[in-house]
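**Student:** Protein sequences appear in the order of chains A and B. So for the first sequence, this note's numbering puts the first residue at 39; every next one is plus one. So for the second sequence, this note's numbering puts the first residue at 39; every next one is plus one.
It is possible that part of the hints are untrue.
Identical copies carry no separate label here, and so any pair may be met within one copy or between two of them.
Here are the simulated DSSO-like pairs of lysine-lysine, each with C-alpha atoms no more than 27 Å apart in a straight line [to be verified]:
no., residue 1, residue 2
1, LYS669, LYS326
2, LYS652, LYS535
3, LYS641, LYS198
4, LYS331, LYS161
5, LYS161, LYS511
These aren't lab readings, by the way, just hints derived from the structure by calculation.
Protein chains: 2
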Amino acid sequence: MNKYRITFLPSERIFDAHEGDTILDAAMKAGVYINASCGGNSSCGKCRIKVIQGSVISTRHPKISKADYDKGYRLACRSRPESNLVVEVPIESQIDGSILKDNGRKPLILLVSDLGMLIKQRKADPPFFKLYIELPEPTAEDNISDFERLVRELGRILKKHIFSADLNVLKSMARTFRESIWKITVTLTLCNNGFRIVNVETGKKMLENYAIVLDIGTTTVSGQIIDLTNYGHDICTLAEASDYNGQIRFGDDVISRIMYCRKTGGLANMQKALGDTVNGIISQLVKKSGVRKASISHLIFAGNTTMTHLFFGLDPENIMLAPYTPVTNVYPHAIAKDFGLDLEGHVYVIASPCVSSYVGGDVVAGVVGCGMSRSEKVTLYIDVGTNGEIVLGNKDWLICASCSAGPAFEGGGIQFGMRAETGAIEQLKINPVNYEPMIITIGKAKPKGICGSGLIDGISELLLTGILDQNGKFKRDLDDSRVREGESGFEYVVASKENTQICKDIVLTEVDLANVIRAKAALYAGCKVLVESIGLTFHDIERVIIAGGFGHYIDLEKAQIIGLLPELPLERFIFVGNGSLLGTRLFSFSRRFIDEAQSISKKMTNVELSTSQKFMDEFVAASFLPHTDDKAFPGVLKKLHRYKLLP
Amino acid sequence: MNKYRITFLPSERIFDAHEGDTILDAAMKAGVYINASCGGNSSCGKCRIKVIQGSVISTRHPKISKADYDKGYRLACRSRPESNLVVEVPIESQIDGSILKDNGRKPLILLVSDLGMLIKQRKADPPFFKLYIELPEPTAEDNISDFERLVRELGRILKKHIFSADLNVLKSMARTFRESIWKITVTLTLCNNGFRIVNVETGKKMLENYAIVLDIGTTTVSGQIIDLTNYGHDICTLAEASDYNGQIRFGDDVISRIMYCRKTGGLANMQKALGDTVNGIISQLVKKSGVRKASISHLIFAGNTTMTHLFFGLDPENIMLAPYTPVTNVYPHAIAKDFGLDLEGHVYVIASPCVSSYVGGDVVAGVVGCGMSRSEKVTLYIDVGTNGEIVLGNKDWLICASCSAGPAFEGGGIQFGMRAETGAIEQLKINPVNYEPMIITIGKAKPKGICGSGLIDGISELLLTGILDQNGKFKRDLDDSRVREGESGFEYVVASKENTQICKDIVLTEVDLANVIRAKAALYAGCKVLVESIGLTFHDIERVIIAGGFGHYIDLEKAQIIGLLPELPLERFIFVGNGSLLGTRLFSFSRRFIDEAQSISKKMTNVELSTSQKFMDEFVAASFLPHTDDKAFPGVLKKLHRYKLLP
């Protein structure tokens, strides 16, 4: 991908922008403040810039007059570089965010797709694979049964002699064989000491083999459809879709869901609600990808222990009752249709194995997905979902814990919180002079709400600009219309209603801030206790992998500013986005990753935090921005002090 | 069991009767004719005898006057010996059947239960077995999942470490463990390289493990419920039940059933009809045995290839189309409930494997059941069902064939034919002087119809008494009211309507006789072709095992008289009744018999008779009583000649 160097004037900040980035994107990444209230949607018309040198792709927006256009004025959100540029940010829309002085800084973001290298060394070996076979037609001399005829041929090809077939396959076998004039495609899976025949199709269908992979979160269900026949440098994802978990109407967190299951019919309702959500996602994936549903051979999902129990209709009650025993941590392969899923009768479901009641299959999938279980490096894996789960270790040892962080980073408990989807504010910068925000939304749509990464940006900016104090309270003495007393106390107006999709001001309240602080404190405390439980300190951690549905990006520096992440060199961090989904992608790529998941789920040692006094102490200590222990965040404090020196 | 010697006067025929036999039973077995029109029901009052010496258990019947009773007159059907007896058959009800002159002849019948020795050397090892386990309760230090807790304990006991569990079990596991305070009974089955946990019950339930075994015939479905925890010298059968196959309404034979399946919804209707029949039998078995349904762990059935396909809902079409290929000959273990069976969700179905389209699982079960696949002796196994199936061989080799015998011996195509149940005439003797019949019915009920063994008795008696010629036609010149011209031609009145349950005369017609002759000719021809196909003759056969639902008994000598069985020494014959059911009983006794069935189903060589000219020739030659080739039945012919010398 081409890069173009953009020099922002008057600050002379230089940034290498990716081809396709807008100038607004580049400015945000470079830390150059440009006024932008509509999330990059071009409706506010505030992000005017002037192209001094070089050329941009842009059309004239009505908010730019013909005369200004000819002078080189453009909307930053509507302009893309097609050469190196010198760009002037006019006085009305600029102020240089001078917090981060170091020019040419590394990008603090990593995309999931950058992790394609994780699978490069492996051979594709999907758990369900297809073979095209031409069978000899039966004759009076050779009139063995259809199944034996197929097995005889498979035995020749695969040099194995133990085969079984699902009843479902036997039911359609006679017709399929004859309709296809004995030229068929068989779907097989390895099963104990032999192969299981799970589907038979007419003709050549080897190049139509798709998997659906899902991360089933308490709040969000995300899915992808994977082409299992076309591996290049990465796993070939044809489409993505996600939705809120339909169980939310029965409760926000796993405990309230489990409580609901105690009612008559509760478990069945809960299972159906999840099934409906998954069906919606399947339907979107099929539509977006144009894949024939009959070509989907399996569905792999990872979820926390409660979600996995609810998917299968297993009684989750003892997950919430001491001593917190799930029914099982390994799950049988089962037929998707049996769970009300709208897939053909041959489609199997594989669930990622769990470790304990509160360290689930999503974490195991994430650990496999990010490769820490195959690495020498001591790695801390943090999955910021509705519960925060943490894994520490490397290929030789793994310990894990769960801390009830709550769903703040997924938008739960936040007045205008939302998950990372179109219209979510995912990047936010505040002008330290006039407290005006610069926001970028997902999909560059008018803002609807704030997702996890937007919250991290927002709180750190509020702190850096001095709007917020380290207790998470707004300064009461600010004379600015952006900070006001609302219905639930003081709040900061992130976007005014005229610039939002929801015809309401989008605000961040002190209640929201308290929820975020509670979540980040629990995560930080959990990490600290886990690391120290084996005699290490944060500085011994060679790599920190962050997973979670905050948004497409997470600004690690800002995550450190609010004290969510320990203050370690930024190059030690990797953000993998949805780690659980990443793992399920790997499972679809090779069954060896499924075996690896089984094996590590058994060897992971669970540390119970809910009864740990040390965890409680650390939690209280971390309930401050960034932390009550100044020595833990010296760099952040330096930045705060520097900032406070500004006018 | 005690035996009492009965001397019948005036013939001086001596017979050792079993304790419990009536004098009528003993007379029938001894070949002593006593008039009896009501099947042993005591309603006709004709079977008067006079006790000369010894003592009988009897009550006075109204048809015997007080004076006669005091003189020693009794009804034979109502009297049982309690010492050795001398009995006079009065002139009005006696004539000595002097066909079989050799006194003290061996009983020509063998009961299934006499074959208990077949399993004596084997150790019980049912495919589904139970273990009682006391699990340690979970604690904060030991809070592994419920499934892992169970597996850990099972691993200790069974010294195996691969366990899987059905989803169904996982669903109830948490509750069952806690309700039973961690004292549970587990049902296990061996599965590939490990054990599968199929059920978990509260408390000690090791002594409640039952199997349902079924023979699913085209015409009749027969079942037993077996106690798997209580093996003495024999398999412990708690109850038996049988019924017509509900599919009969769609057609009498497999071909018409398969034709029906081509209609829309036909296969589903057919499957449901069979399911309903099986449910009826299960319900009877549960009721008769008093077993808790929840304690039934599995159901094993054997049926011909079409019935097995229809049970599982597999497309049977190619069974009837050349080159006659079934979908499969081995069937997956499946859950009974999935086929609409009214059993708990943990109950598995195991189907006996088949050999080819027309040699089914019933034959394989029969071969295992009668032990021929474990014997050195060259054995001919004849299963007289709706199709006649024949197997020849020993433990080293087995060949088999199917000949379309038709359902005559099961009562099909016979005007008053019925299966072997209460009220069926199963023994019949004809007074050669006045052509009056002496009949015994199953259950000593008033006659309703004639079952297979009654047909064999009847035809041989008609032949011996000269009422019938060797073409199967009634002699036209007999001046007797028993032989008359009825609606469908000439017929013999077996029971007059005043003595029947159905208020109609029960007759044997020439059409009936033609059907029986066709069936016996096909069976005989099939046996001959099979035996000669490997260069043997009947005289090389060391043992002939006869299976089928004719009735409780088959009189082998009479079966030879009509030419159904080859004329070999009687001691070479064994009648095992329902061989298929016998096999399924063994399967429930030890999974090694199931393995044996799998293995022999693969090694049996199928000989196709339907296209064999030799078979057609032999069939035509055998369509005569006993056979067109006099040399094949020298003994029978000698008897016929001797008989014809009688007045």
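**Student:** Indicate, hint by hint, whether the structure satisfies it.
**Tutor:** Structure-based check of each hint:
In this assembly of identical chains, the alpha carbons of LYS669 and LYS326 never lie at most 27 Å apart, being 51 Å within a copy and 81 Å across copies at closest. When the C-alpha separation of LYS652 and LYS535 is checked against a cutoff of 27 Å, the pair qualifies neither within a copy, at 45 Å, nor between copies, at 96 Å. In the homo-oligomer, the alpha carbons of LYS641 and LYS198 lie at most 27 Å apart only across protomers (20 Å), although the nearest pairing inside one protomer, at 32 Å, exceeds that limit. For the identical chains of this complex, LYS331 and LYS161 are intra-copy neighbours only, at 26 Å inside a copy versus 51 Å across copies, given an alpha-carbon limit of 27 Å.
Taking the closest pair of Cα atoms, LYS161 and LYS511 never come within 27 Å of each other, the shortest separation being 53 Å inside a single copy and 79 Å across copies.
The structure does not agree with the numbered hints 1, 2, 5 stated previously, though it agrees with the rest.
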